[in-house]
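Protein chains in written order, with this note's numbering: chain S, 32 to 480; chain Y, -1 to 314.
Worth double-checking, as some hints may not be accurate.
Under the rule of at most 25 Å between Cα atoms (straight-line distance), these lysine to any residue pairs were calculated in the SDA-like manner [what the hints assert, rightly or not]:
{"no.": "1", "chain 1": "S", "residue 1": "Lys211", "chain 2": "S", "residue 2": "Ile168"}
{"no.": "2", "chain 1": "S", "residue 1": "Lys77", "chain 2": "Y", "residue 2": "Val49"}
{"no.": "3", "chain 1": "S", "residue 1": "Lys367", "chain 2": "Y", "residue 2": "Glu298"}
{"no.": "4", "chain 1": "Y", "residue 1": "Lys161", "chain 2": "S", "residue 2": "Glu193"}
Simulated from the structure, these hints should not be mistaken for lab results.
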Amino acid sequence: MFEGLSEKLERSFAILKGHGHITEINVAETMKEIRRALLDADVSYKIAKQFTDEVKEKALGQNVLTAVSPSQLIVKIVRDSMAELMGSQKEDINLKGKPTIILIAGLQGSGKTTFSAKLASYLKKKGKHPMMVACDIYRPAAIEQLKVLGEQVGVEVYTEEENKEPVRIAKRSVAYAKDKGYDVVIVDIAGRLAIDNEMMNEISAIKETVKPQETLFVVDSMTGQDAVNTAKTFNDRLDYEGVVLTKLDGDTRGGAALTIKAVVNKPIKFVSIGENMDAIDVFHPDRMSDRILGMGDIVSFVEKAQEQFDEKEAQKLQKRIAKNQFDFNDFLKQIKQIKKMGNVKDLAGMIPGMGKALKDTEIDDDAFKSIEAIIHSMTPFERENPDVMNGSRRKRIALGSGTDVPEVNRLIKQFSETSRMMRMMTSGGGRKMLQTMRNMKNMPNRMKH
Amino acid sequence: MGVLSIFSKEKKEKLDHGLEKTKQSVFSKISKAVVGKSKVDDEVLDNLEEVLVTSDVGVETTLKIIERIEGRVSRDKYLGTSELNQILKEEIANLLQENNALESTGFELPEMDEPYVIMVVGVNGVGKTTTIGKLAYQFKKAGKSVLLGASDTFRAAAVDQLKIWAERARVPFITQGMGADPASVAFDTLKSAISQKVDVVIIDTAGRLHNKVNLMNELGKIKRVMQKVIPDAPHEILLILDASTGQNAIEQAKQFTEVTDVNAIALAKLDGTAKGGVVLGISDQFKIPVKYIGIGEKIEDLQVFNRYEFVDSLFS
Ligand SMILES: Nc1nc2c(ncn2[C@@H]2O[C@H](COP(=O)(O)OP(=O)(O)OP(=O)(O)O)[C@@H](O)[C@H]2O)c(=O)[nH]1
Ligand SMILES: Nc1nc2c(ncn2[C@@H]2O[C@H](COP(=O)(O)OP(=O)(O)OP(=O)(O)O)[C@@H](O)[C@H]2O)c(=O)[nH]1
Ligand SMILES: [Mg+2]
Ligand SMILES: [Mg+2]
């Protein structure tokens, strides 16, 4: 089911082999595979068809005997076409209002309230002075939810608990914000179905009243074929400025993103990648294309790791490695870094090919436990001088850490491999360090075997 | 010729024959094309493909349905029009697991000596807590005593939300507040259910994406802890799916089933334009019946699932 397009194409390319040109006949099978991959990824039926028609158009008549293989050529056409559709430049939100008003709209449960708080936190970190408004008077405890999140991110939430008129709450909140000197007002409203006229009228009324600079349409990245209807109806009613794609921390391919882009041609401005308040990111069209096509999200992985990676620590470490001083204390620190990056399996799953490999192996943060235990059982002298590890020391360490000698041996071997590799990397900062970290990440896995 | 021409086995040379928009229903088209023939017209199959795929049935299951229909048609050559509509519906409905008892008897549960324990699971925001409120209301209406357990101690204001639903349904609920250990809340809930001789217990859990190992393992733990109180609990593990979710729902079903042996599905948010067709494949592949559908945000907006009505709705 979740086989990537690249794998599928491998198979269909067999047909293209031996043909000098891409023709209607020999490309047919390949186009079917591409269509199917798109549909499996939840791209809308019609858009998938349009898309493959376009790709076919571009591919026909291309001479495949030159430079690249037919498979490379078609992959390139597919990726380019998708990148074109997804849009190439990042689009920021417009914060020029005084105050800037941002209205958050979408279906029920898509992640609006969570996103509102994340956005507030994000803008606050950028030096803005945001406020949130609780206009969802319908969902049980919706106001409370926003208040809790507001507290978490340290942003004031404007509420009128007894007021049952969202339009008036919104209107008054803006006056309040002006009075208090807030420069951004984020309005959280109830989820609603596109076909619910009464609720769609309400949202139009809110929009007309507060005149937001940005109306953002929040959509669950797991959405299927309905994305077409919903994105379009909301756009017809609201003419929103941008789209927010949520729950991308899951394993959905996210074809809805392509559908929405194709149908309403509005930029995707943010993505939401978790339940925590810092799980927000700007949209990277190229990564999304690869994700839909099933090519792995390696860039995201690298960047996420980098973000969590302490640059200063890295530089210190770099120096120690250069001087051949890398020891078990550094090793322990690296493990802490890796653990800080969150669920190891999630991260590793972003590397192409890894996801599948890891499916059946249970690794979580606990996987590092025995490694840590072993290092903790070393004396400070041993930690600083990895070369002194003789048999009796190893035995003692095994005993102290509740492991056994073979396991200690494995760790020491891993360690020396790692430090050798690190020495081999002559220069570079965090980015190179990642290589090593990635190697270490595999360790708990290997140690089990 | 449709996108999924992978379905028709014949090689086609001409590719960009656009999809004709048809005002005729798929049923009548299908009938016209197959009556008296031994093979279904490609154009009709393409039409059927479009209907099914745009209902989120997915390529694989759509393929399966089409094969079945082609098989039926080539076997029984002289089918009449009315029979055909029936066959199409039957073949699709057959993918859905039987849920006989429920189809006829509404919101009834097996008679038991101990509380009937339902644990509700699913990814974030699909409608778990709302469905629990609606179920509590229905069981209460059917004369059962109900107790809810607030094991979502994570999502902001999750306990407050369940509390409001408990009040609306006029049933009690057990909480240890936010941040408490969800398994411990479930344990407590079952303990008091036994001492109060409650008929039905429904445990709310935090939404979690199925690819998060730690969170998924937590569900297993909640389940095991409940079994310390009632060995057979939970009797029902109800997976909530959002009707607007696409093919990812298959992976959800798979992962949740692996960790908790899901044995019932509720399809929420069917009141929108999404058709929820992905449950066809899920019910078929994992042999899990769809029990309930959510059709709105009000307490009475829950219905017992009816296979035939569901199949009809795919074509309306
Ligand atoms: N894993 C994950 N969960 C998310 C993300 N965004 C939101 N959620 C969760 O999804 C659920 C619904 O989020 P809400 O913010 O309440 O959604 P909403 O759109 O405000 O819902 P309504 O107001 O009821 O329409 C909650 O459990 C959130 O924690 C995300 O990016 N990843
Ligand atoms: N239209 C419609 N909305 C629904 C239905 N069921 C639930 N909702 C709405 O969907 C949103 C999310 O519902 P919840 O019950 O909070 O979902 P949940 O799965 O408990 O969410 P988390 O606990 O955050 O994972 C709310 O706004 C509900 O009112 C339904 O059948 N139809
Ligand atoms: Mg909300
Ligand atoms: Mg809930």
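Do the hints match the structure? See the list:
For the hint pairing lysine 211 of chain S with isoleucine 168 of chain S, the CA-to-CA distance comes to about 24 Å; that is within 25 Å, so the pair holds. A threshold of 25 Å between alpha carbons decides the hint, and for lysine 77 of chain S with valine 49 of chain Y the separation of about 11 Å falls inside it, so the pair holds. Only pairs whose Cα atoms come within 25 Å are accepted, and lysine 367 of chain S paired with glutamate 298 of chain Y is rejected, the gap being roughly 50 Å. This hinted pair checks out: lysine 161 of chain Y and glutamate 193 of chain S have alpha carbons roughly 19 Å apart, not beyond 25 Å.
In terms of the numbered hints stated before, the structure departs from hint 3 and from no other.
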